[in-house]
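The whole structure should be built from the sequences, with the hints applied where relevant.
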Amino acid sequence: MSIDKKITEDLVAAKIGFVTTVPCKQLAGVIDEVDKHPDIFHIPSNKEDEGMGLCAGAWMGGTRPMIIMQNTAIGVTINTLATLIQYYRMPLPMLISYRGELREPVACQVEMAVHTKALLDEMKIPTYHFHKQADADELPMILDYTFMCNKPVAILTDANFWGGYGDQ
Amino acid sequence: MIRSEVLKEIAPILRDHLVVCNIGIPSQELHAIDDQPTNFYMLGTMGLASSIGLGLALVQKKPVIVIDGDGSVLTNLGTLPTIGNNVADNYILMIIDNGSYGSTGDQPTYTGKRTDLAGMARAAGCENVVEVQDVDTGKALTEALESGKQTVMVVKCDSGNAKNPVITMDPVTIRDRFMGAVKA
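Just so you know, the protein sequences line up as chains F and A, in that order.
The working numbering applies: residue 1 is where the first sequence begins, and numbers increase by one.
The working numbering applies: residue 1001 is where the second sequence begins, and numbers increase by one.
No wet-lab data here; the hints were simulated from the structure.
Just so you know, not all the hints are guaranteed correct.
[As the list claims (entries may be wrong)] Below, simulated DSS-like cross-link-like pairs (lysine-lysine); rule was C-alpha separation at most 27 Å, straight line:
no., chain 1, residue 1, chain 2, residue 2
1, F, Lys151, A, Lys1149
2, F, Lys25, F, Lys132
3, A, Lys1062, A, Lys1149
4, F, Lys15, A, Lys1061
5, F, Lys15, A, Lys1183
6, F, Lys36, A, Lys1061
7, F, Lys15, A, Lys1139
8, A, Lys1149, A, Lys1139
[Stated by the list, open to error] Only part of the chain F face toward chain A is listed, based on derived beta-carbon distances under 10 Å:
no., residue
9, Pro23
10, Lys25
11, His37
12, Phe41
13, Ile43
14, Pro44
15, Asn46
16, Glu50
17, Gly51
18, Gly53
19, Leu54
20, Gly57
21, Trp59
22, Gly61
23, Gly62
24, Tyr87
Note that CB positions come from ideal geometry on N, CA and C, so glycine has one too.
Written out as structure tokens, the structure is:
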């Protein structure tokens, strides 16, 4: 089974039924699988804070949500994480492509990569870093943990995890 | 009419429905006029009322009324295409358009100048967009609820705020009782 399919099956097994995405080249495969899966309502959002609003509503409506986005979004969503997700104590698993790490071809991506873990740490957001594909074996546990503690939880997935950038 | 007068008039209609209310003075006004467990008050995060309401409407069947503002919609304009392309017929976005940022001192927004929110909503793909004068809000809201169609209402009213205390209810309490009302 491809890693994209495996991740999607883990989301469904964790009863996640509402996924919002802002795309990244590395996340294209998993977004595709999420979009195809009949048990998931996939709603692309135009900006990640908007996506977190959608997720907050879905969760209050009784459906487990998730957001899939790039790490640049951490810069966009600090206020939303603090004043909506954390303030009202809502669970939100965040599957994040960790751009700007080893094998990154675009120099500007490094500018947010160097802040990513520091910002997550400052926000006291539990953070997991997938570097090798076997690391994804922990995904079901991370999802259970997120919905147990009602917190936003970050899952950073770097280029090594996704197998590089292809022809770039 | 100013926003609080509009809210006072439609409170009996809102009372029976799930309401997601915009940050700041709008939430303070609704809280003072008719606090209900079916009201979700935003205490922060300007701009996301329409998104929270849409997420809620898409996963369950009860009608959801979002009370938003012109300034808040302008800060999250990406919401309009998302609403237009993900039709939830139990979703009503009511934008109280008083042409000003009420909670911060009534500074003018662009909707009081050349920007037309109803036109933007239509261009974003929203099908049922109605422009309403303040005095007709109750009638238009009832029609929107009875239509069973996703509706965006742009309610034109005067700028100004009623004086009410800030909401001191704990956010987790607001959220928990709201979730109870969703399930009830």
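Consistency of the hints with the structure:
no.: 1; hint: F:Lys151 x A:Lys1149; verdict: violated, 34 Å
no.: 2; hint: F:Lys25 x F:Lys132; verdict: holds, 18 Å
no.: 3; hint: A:Lys1062 x A:Lys1149; verdict: holds, 13 Å
no.: 4; hint: F:Lys15 x A:Lys1061; verdict: holds, 19 Å
no.: 5; hint: F:Lys15 x A:Lys1183; verdict: holds, 18 Å
no.: 6; hint: F:Lys36 x A:Lys1061; verdict: holds, 23 Å
no.: 7; hint: F:Lys15 x A:Lys1139; verdict: violated, 40 Å
no.: 8; hint: A:Lys1149 x A:Lys1139; verdict: holds, 16 Å
no.: 9; hint: Pro23; verdict: violated, 14 Å
no.: 10; hint: Lys25; verdict: violated, 21 Å
no.: 11; hint: His37; verdict: violated, 16 Å
no.: 12; hint: Phe41; verdict: holds, 6 Å
no.: 13; hint: Ile43; verdict: holds, 6 Å
no.: 14; hint: Pro44; verdict: holds, 8 Å
no.: 15; hint: Asn46; verdict: holds, 3 Å
no.: 16; hint: Glu50; verdict: holds, 5 Å
no.: 17; hint: Gly51; verdict: holds, 8 Å
no.: 18; hint: Gly53; verdict: holds, 3 Å
no.: 19; hint: Leu54; verdict: holds, 4 Å
no.: 20; hint: Gly57; verdict: holds, 3 Å
no.: 21; hint: Trp59; verdict: holds, 8 Å
no.: 22; hint: Gly61; verdict: holds, 4 Å
no.: 23; hint: Gly62; verdict: holds, 6 Å
no.: 24; hint: Tyr87; verdict: holds, 5 Å
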